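Undergrad: Residue-level listing of the chains:
Protein chains: 2
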Amino acid sequence: MSTNTIISEKELFIKMVISNWDLQVGRMNSLIAKLSDEELSTPTAPGRNTGVYLLGHLAAVSDGMFAFLGIGEKLNPKMEELFVRNPEGSGMEKPSVAELKDYWNEVNALLSEKMSQIAPEEWFNRHTAVSEEDFAKEPHRNKLNIVINRTNHLSYHLGQLVYLVKK
Amino acid sequence: MSTNTIISEKELFIKMVISNWDLQVGRMNSLIAKLSDEELSTPTAPGRNTGVYLLGHLAAVSDGMFAFLGIGEKLNPKMEELFVRNPEGSGMEKPSVAELKDYWNEVNALLSEKMSQIAPEEWFNRHTAVSEEDFAKEPHRNKLNIVINRTNHLSYHLGQLVYLVKK
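Chains as they are written, first to last, in the numbering used here: chain A, 1 to 167; chain B, 1 to 167.
Please keep in mind that the hints were generated in silico from the structure rather than gathered at the bench.
Keep in mind that this is a model prediction, so the values were computed, not measured.
Some hints could be false.
Said to hold, decoys possible - Calculated lysine-lysine pairs in the DSS-like style (CA-CA distance at most 30 angstroms, straight line):
{"no.": "1", "chain 1": "B", "residue 1": "Lys114", "chain 2": "A", "residue 2": "Lys15"}
{"no.": "2", "chain 1": "A", "residue 1": "Lys94", "chain 2": "B", "residue 2": "Lys167"}
{"no.": "3", "chain 1": "A", "residue 1": "Lys15", "chain 2": "B", "residue 2": "Lys137"}
{"no.": "4", "chain 1": "A", "residue 1": "Lys10", "chain 2": "B", "residue 2": "Lys10"}
{"no.": "5", "chain 1": "A", "residue 1": "Lys10", "chain 2": "B", "residue 2": "Lys15"}
{"no.": "6", "chain 1": "A", "residue 1": "Lys137", "chain 2": "B", "residue 2": "Lys114"}
{"no.": "7", "chain 1": "A", "residue 1": "Lys114", "chain 2": "B", "residue 2": "Lys137"}
{"no.": "8", "chain 1": "B", "residue 1": "Lys78", "chain 2": "A", "residue 2": "Lys167"}
{"no.": "9", "chain 1": "A", "residue 1": "Lys114", "chain 2": "B", "residue 2": "Lys15"}
{"no.": "10", "chain 1": "A", "residue 1": "Lys166", "chain 2": "B", "residue 2": "Lys166"}
{"no.": "11", "chain 1": "B", "residue 1": "Lys137", "chain 2": "A", "residue 2": "Lys10"}
{"no.": "12", "chain 1": "B", "residue 1": "Lys114", "chain 2": "A", "residue 2": "Lys10"}
{"no.": "13", "chain 1": "A", "residue 1": "Lys15", "chain 2": "B", "residue 2": "Lys10"}
{"no.": "14", "chain 1": "A", "residue 1": "Lys78", "chain 2": "B", "residue 2": "Lys167"}
{"no.": "15", "chain 1": "B", "residue 1": "Lys101", "chain 2": "A", "residue 2": "Lys167"}
{"no.": "16", "chain 1": "B", "residue 1": "Lys167", "chain 2": "A", "residue 2": "Lys101"}
{"no.": "17", "chain 1": "B", "residue 1": "Lys166", "chain 2": "A", "residue 2": "Lys167"}
{"no.": "18", "chain 1": "A", "residue 1": "Lys15", "chain 2": "B", "residue 2": "Lys15"}
{"no.": "19", "chain 1": "B", "residue 1": "Lys15", "chain 2": "A", "residue 2": "Lys137"}
{"no.": "20", "chain 1": "B", "residue 1": "Lys94", "chain 2": "A", "residue 2": "Lys167"}
{"no.": "21", "chain 1": "A", "residue 1": "Lys166", "chain 2": "B", "residue 2": "Lys167"}
{"no.": "22", "chain 1": "B", "residue 1": "Lys167", "chain 2": "A", "residue 2": "Lys167"}
To be verified - Label pairs and their in silico Cβ distance ranges:
{"no.": "23", "chain 1": "A", "residue 1": "Met92", "chain 2": "B", "residue 2": "Glu73", "range": "49 to 57 angstroms"}
{"no.": "24", "chain 1": "A", "residue 1": "Ala33", "chain 2": "B", "residue 2": "Lys137", "range": "24 to 32 angstroms"}
{"no.": "25", "chain 1": "B", "residue 1": "Asp134", "chain 2": "A", "residue 2": "Val165", "range": "28 to 36 angstroms"}
{"no.": "26", "chain 1": "A", "residue 1": "Ser116", "chain 2": "B", "residue 2": "Ser8", "range": "19 to 27 angstroms"}
{"no.": "27", "chain 1": "B", "residue 1": "Glu138", "chain 2": "A", "residue 2": "Gly47", "range": "42 to 50 angstroms"}
{"no.": "28", "chain 1": "B", "residue 1": "Leu75", "chain 2": "A", "residue 2": "Glu138", "range": "29 to 37 angstroms"}
Beta carbons: idealized from backbone N, C-alpha and C, even for Gly.
Working from the sequences, and respecting the hints, build out all of it.
TA: Encoded structure:
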């Protein structure tokens with residue numbers, strides 16, 4: 001953003017929300033870069049999810065954002081089955097760490113690109129999981145709110161993933 | 001908010017941010033209610049912070065928000081020393097679990113009250129840790145952004161605190 005550009009209040013608020021999303025995605029990327037595949041495959045705490053499962057979970061949740069925001073379909077719908085609808089110990093065959101890292105990167109790159117194309121006005125429309133009736137009563141349940149919510153979801157799991165970094 | 005009230009764009013943004021803060025504080029309160037003092041005093045993972053330390057840390061960080069938002073001073077400045085500036089193993093004498101729970105509740109109740117009194121326009125002014133010069137270039141570094149940032153910080157540690165809940 002140029003210092004000379006006058007932006008609207010809406011645009012400023014969108015920038016605040018998206019820049020916080022980008023910040024957490026950046027933290028996740030730094031953390032992934034710091035961990036070996038072996039470390040990432042370790043439980044974050046005894047009896048808890050591994051880093052790999054949480055990576056798949058976060059990527060699948062990001063992949064679900066396209067539909068919520070009305071900007072497309074999932075890149076890989078089977079990931080939701082593996083990493084959102086079922087727990088780590090489901091016994092279902094899972095992709096390799098390398099595949100999951102690629103999936104995470106692809107989803108987030110496309111999400112960033114598509115989010116940047118959403119018109120300011122559109123961000124304040126209801127997201128697809130809220131009925132028109134509910135939205136009339138609760139206008140804060142808009143598309144931008146999905147990003148705020150998902151940013152907190154990412155932060156929550158980042159707090160767990162950081163336990164994979166040896167002290 | 002009444003369904004018949006027409007609110008401004010600014011008020012809507014503020015509501016989105018504060019309602020997400022309230023949501024995470026509510027999750028923290030539910031989690032605290034679920035844990036015994038003994039469970040809360042356990043490390044969240046081997047060699048990591050205990051629940052009690054994280055409770056003190058979160059309360060002290062909330063207490064720091066008054067100054068950032070320009071709505072007052074810390075209720076208890078020594079808590080920052082114990083739970084932000086120094087790690088758990090500092091050897092410094094710490095308050096009891098009951099005292100920390102009270103501190104957490106007092107800080108958040110006062111914060112909610114004071115935040116509700118901030119005028120919509122004021123939320124988009126710079127927070128006290130940004131210079132006027134930087135703020136002119138980066139207008140998203142406003143007071144509301146502090147709340148977005150602190151909400152993510154709370155989510156991050158909630159992800160760790162949830163490991164205290166026995167499976």
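Undergrad: If a hint holds in the structure, say so; if it does not, say that too.
TA: Each hint tested on the structure:
no. : hint                                     : result
1   : B:Lys114 to A:Lys15                      : holds, 26 angstroms
2   : A:Lys94 to B:Lys167                      : holds, 24 angstroms
3   : A:Lys15 to B:Lys137                      : holds, 13 angstroms
4   : A:Lys10 to B:Lys10                       : holds, 8 angstroms
5   : A:Lys10 to B:Lys15                       : holds, 14 angstroms
6   : A:Lys137 to B:Lys114                     : holds, 26 angstroms
7   : A:Lys114 to B:Lys137                     : holds, 26 angstroms
8   : B:Lys78 to A:Lys167                      : holds, 27 angstroms
9   : A:Lys114 to B:Lys15                      : holds, 26 angstroms
10  : A:Lys166 to B:Lys166                     : holds, 24 angstroms
11  : B:Lys137 to A:Lys10                      : holds, 17 angstroms
12  : B:Lys114 to A:Lys10                      : holds, 25 angstroms
13  : A:Lys15 to B:Lys10                       : holds, 14 angstroms
14  : A:Lys78 to B:Lys167                      : holds, 27 angstroms
15  : B:Lys101 to A:Lys167                     : holds, 29 angstroms
16  : B:Lys167 to A:Lys101                     : holds, 29 angstroms
17  : B:Lys166 to A:Lys167                     : holds, 24 angstroms
18  : A:Lys15 to B:Lys15                       : holds, 17 angstroms
19  : B:Lys15 to A:Lys137                      : holds, 13 angstroms
20  : B:Lys94 to A:Lys167                      : holds, 24 angstroms
21  : A:Lys166 to B:Lys167                     : holds, 24 angstroms
22  : B:Lys167 to A:Lys167                     : holds, 26 angstroms
23  : A:Met92 to B:Glu73: 49 to 57 angstroms   : holds, 54 angstroms
24  : A:Ala33 to B:Lys137: 24 to 32 angstroms  : holds, 29 angstroms
25  : B:Asp134 to A:Val165: 28 to 36 angstroms : holds, 31 angstroms
26  : A:Ser116 to B:Ser8: 19 to 27 angstroms   : holds, 26 angstroms
27  : B:Glu138 to A:Gly47: 42 to 50 angstroms  : holds, 43 angstroms
28  : B:Leu75 to A:Glu138: 29 to 37 angstroms  : holds, 33 angstroms
Of the numbered hints given earlier, the model fails none.
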